[in-house]
Amino acid sequence: MTPLAGYLLVAALLFSIGLAGALTRRNAILVLIGIELMLNAANLNLIAFWRYGPHPEALTGMMFAIFSIAVAAAEAAVGLGLVIQIHRHAHTTDLDQMNRMKG
Amino acid sequence: MSLVFYAIAGLTLAGALAAVLLKNTVHCALALTVAFAGLALLFLELDAQFAGFAQILVYIGAVAVLVVFAILLTRGSETPKDGVYSRNWLAGLVIAAGVFAVLGWAVLESARALPHETAAPTVTVLQIGNALMSRYVLPLEIVALLLTAALIGAVIVAMHEKEGQK
Amino acid sequence: MIETADQIFVLLKHWLVGLLPAGWQPVAGVVLSVVAIIAVFPTLFALTVWIERKGLGRMQNRIGPNRVGPLGILQPVADAIKSLIKEDIVPLSADAAVHFLAPLVLVAAVFMGFAVLPMGRNMTLVNMDAGLLFYFAMGASTELAVFMAGWSSRNKYSLLGAMRAVAQMISYEVPLLMSSVAVVMMTGSLSLTKIVAAQNHYTWGLPHWYIFTPWGFAGFVMYAIATTAETNRSPFDLPEGESELVAGYHTEYSGFKFALFFLGEYLAMFSISGLGATLFLGGWSAPFSFLTWVPSWIWFFSKLMLSIFVFIWMRGTLPRLRQDQLMNFAWKFVLPLTLLNLLVAALWRFLGEGWERWVVCSAILLLAYVFMGWEGMRRGHLGPRRYRYAE
Amino acid sequence: MLGEGILRGLAETARNFAGSFVSAERLTTVQYPEQRIAPMEATRDFPFLVYDGADWEAGLRCVACQICEKECPPQCIYIEKSKDKKPDFTGKPQFYPARFDIDISVCMSCQICVEVCPFEAIKMDTEFELSTEDRFGGLLLNREKLAKPNEHYHKIHPTEAAEVDARLAGEKAKADAKAKAAAEAAAAKAAAHVAVPAGTEAAPGGNAAGNPTAKPVEEESRA
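Residue numbers (the working numbering), protein chains in the order written: chain A, 1 to 103; chain B, 1 to 166; chain C, 1 to 391; chain D, 1 to 223.
What the hints contain is simulated information worked out from the structure, not anything from laboratory work.
One thing to keep in mind: the hints can contain errors.
Quick list of in silico lysine to aspartate or glutamate cross-link-like pairs, DMTMM-like style, CA-CA up to 25 Å [to be verified]: (1) C/K332 with C/E391; (2) C/K54 with D/E25; (3) C/K332 with D/E4; (4) C/K194 with A/E57; (5) D/K86 with D/E171; (6) B/K23 with A/D96; (7) C/K54 with D/E34; (8) C/K194 with B/D47.
None of the values given here were measured: they were computed from a predicted structure.
Could you build the full structure based on these sequences and the hints that come with them?
Put into structure tokens, the structure is as follows:
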């Protein structure tokens with residue numbers, strides 16, 4: 001098994017762990033943690049393909065990863081801001097209880 | 001496949017699993033930090049030095065602390081009374097396992113065509129700087145705009161309403 | 001002879017590594033350098049504890065420790081033994097694993113920071129291309145260690161202290177990075193050895209240190225303010241404000257773990273003032289051209305001790321800042337000035353040689369300083385306190 | 001201008017730092033065991049009982065009136081009155097303390113016992129290095145440990161001791177004068193009685209010359 005396949009498998013496993021976390025956990029913040037893991041798995045794929053790809057000097061994969069890190073940080077900030085606001089309004093971060101659209 | 005790769009991959013996956021399975025939310029956040037650190041080591045293993053340090057700086061330095069602050073602000077550190085997993089947790093698990101099966105199959109099928117061993121590209125920060133300024137200058141400006149918008153948006157969303165609770 | 005004195009440690013290391021069989025040499029080289037750092041800086045820590053207590057004493061017209069050993073020189077040894085012997089109490093409700101890991105993570109992260117500091121001519125442990133970014137990545141992970149310490153003690157005071165410490169470290173990390181970005185912009189490289197090399201030449205005997213340029217001096221002042229806040233020292237030591245927060249995030253620690261926190265704080269002070277010396281004070285380059293015969297590592301450590309003395313001097317002088325003053329100062333004064341400093345550095349670069357760039361840059365910076373200071377003082381969140389007496 | 005105060009403050013501490021190496025009067029630290037500051041006149045630590053003359057037991061001024069025991073805020077004085085009497089400095093027979101204990105670990109050096117003592121029997125000592133290994137009985141000073149000669153009192157509080165002695169001497173003189181007057185009156189009456197049949201009433205002894213400064217202390221059995 002080539003090193004690239006190894007990295008891809010690790011990224012795939014990381015992605016599915018993140019997905020499992022996002023789907024099964026009850027606390028909103030842990031869903032966000034799951035999403036962060038999925039994003040990171042994607043970054044790992046990008047850099048693995050860049051490293052073992054045909055033209056590493058073009059830096060495309062790495063640039064994608066750096067931009068994706070920046071965007072993911074922004075997303076995490078806004079996501080957590082939303083979670084805090086929901087908690088302040090509905091006094092719970094339990095996703096199963098947030099099923100009412102009432103304002 | 002070097003031993004170092006297995007060790008770091010094991011650390012990352014253990015951190016990720018712990019982040020998803022642990023009961024205490026703050027422990028999950030700390031396990032998430034271990035996963036981020038493992039990923040940064042993986043990036044360094046892939047000779048992407050700048051991405052590895054940026055990952056540490058951004059994720060461990062900022063996002064992990066942000067997650068932990070959010071947990072404390074929403075009183076998440078007390079263990080919830082009615083269980084940690086949502087009601088239909090089995091469905092989630094099955095879907096995740098399905099996704100992994102598909103991805104794993106795809107990777108293993110195409111394993112033969114993947115390049116074996118290529119020379120490690122030496123990437124200096126100068127090249128990244130030049131690339132950022134020449135080819136990726138538009139994405140850079142857009143990300144700068146996005147970060148500012150996210151900064152202001154997050155503050156406005158999480159700000160106390162002056163006129164008290166609705 | 002001068003050359004060997006300057007390269008004494010490098011030659012020593014090569015000689016020692018040469019004794020081993022070829023297979024082990026790379027590993028032995030790394031281990032030797034790591035052991036050297038782990039040996040040098042804790043002894044420097046012991047020396048600084050003694051200097052701090054004697055210095056603070058002398059500033060307050062008293063003598064300072066003089067009982068343990070001549071002139072009290074063995075006081076740090078006594079403190080070390082005391083903290084080793086003391087019973088290590090872990091509160092029952094504390095979260096044992098995180099409580100135990102916090103000091104280790106803190107000290108490990110701080111020790112990693114030393115890997116990229118150029119302590120002398122080709123005496124950098126790891127000559128990284130993105131050395132500065134590595135340093136700040138390690139610096140950023142200390143915040144998490146502080147939070148782990150505060151939260152795991154399950155004690156209101158330590159949680160409050162940890163919250164204050166993390167908030168302060170985050171809000172002062174931005175100016176810290178911004179002020180060093182100006183230096184990176186001028187040298188065109190993140191590698192610390194290149195930054196020192198760029199400052200290591202002289203005209204009329206004076207060195208080209210960045211502190212002697214307007215944007216460099218402003219950057220150094222902002223950097224110094226940010227470092228004092230980053231290491232929770234003197235005017236910004238709110239997180240462990242003894243008066244109101246007992247001991248902040250390391251309240252529930254005793255014995256060796258408390259000593260580790262103490263060591264971690266001082267090592268952070270060393271490495272961040274070492275970085276300051278490298279970025280603005282020309283790392284290991286001699287202050288005058290006729291002094292270059294002195295070994296380079298002596299200059300690095302003397303600049304380090306000089307900035308340590310300034311830390312102590314500030315601790316002996318300045319009262320503690322309130323949390324809102326601290327935050328106002330960070331976000332409404334230090335950060336805008338560092339951003340402006342970036343602009344001024346760019347302007348400095350494009351105005352080319354000649355005296356007019358000195359005038360223009362200094363004018364902009366002075367104007368900004370005076371205006372922001374005046375505006376801040378007028379609106380009351382900067383400058384001396386205004387008392388409002390009940391009529 | 002912002003930052004001026006900081007620079008002035010730093011200059012001040014720098015002056016202190018440099019000054020402490022140069023000028024001697026900046027460093028006022030006294031290295032305690034080796035150097036000592038001479039105690040001021042009014043220093044007070046723990047009480048002691050004053051006695052006149054050579055024998056401490058006979059010379060004790062204390063008459064076990066137990067005022068100090070009642071007044072002592074932390075109640076650290078314990079007195080047991082004697083059965084018999086002994087003459088005091090004016091020759092008048094007075095009680096004396098069979099047992100007089102002060103627990104100096106409880107005593108707070110407030111000097112109330114000295115102020116309320118009508119007989120100038122208890123004064124405040126300046127001795128403070130009283131640490132003992134025995135933590136239970138060590139700090140409970142009995143009568144013997146408390147008794148100290150009047151000369152010691154003169155050594156530690158000279159002016160105060162002089163005043164006290166002058167007052168006591170004055171009292172003694174007044175008491176002697178009264179005793180002498182009473183003696184002469186008795187002698188004159190006795191002489192007159194010789195002319196008149198003797199034995200109407202015995203000349204009153206010295207007790208009329210009670211201590212004028214003290215309120216006549218009525219006998220009070222402890223409850």
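Hint check results:
1. C/K332 with C/E391: The given pair, whose Cα atoms are some 32 Å apart, is violated under the 25 Å limit.
2. C/K54 with D/E25: 18 Å, holds
3. C/K332 with D/E4: With Cα atoms ~19 Å apart, C/K332 and D/E4 stay inside 25 Å; holds.
4. C/K194 with A/E57: The given pair, whose Cα atoms are some 23 Å apart, holds under the 25 Å limit.
5. D/K86 with D/E171: 18 Å, holds
6. B/K23 with A/D96: It holds: about 17 Å lies between the C-alpha atoms, which stays within 25 Å.
7. C/K54 with D/E34: The hint holds at about 21 Å.
8. C/K194 with B/D47: At roughly 21 Å apart (the allowed maximum being 25 Å), B/D47 and C/K194 satisfy the hint.
Hint 1 from the earlier list is the only one contradicted by this structure; the remaining hints agree with it.
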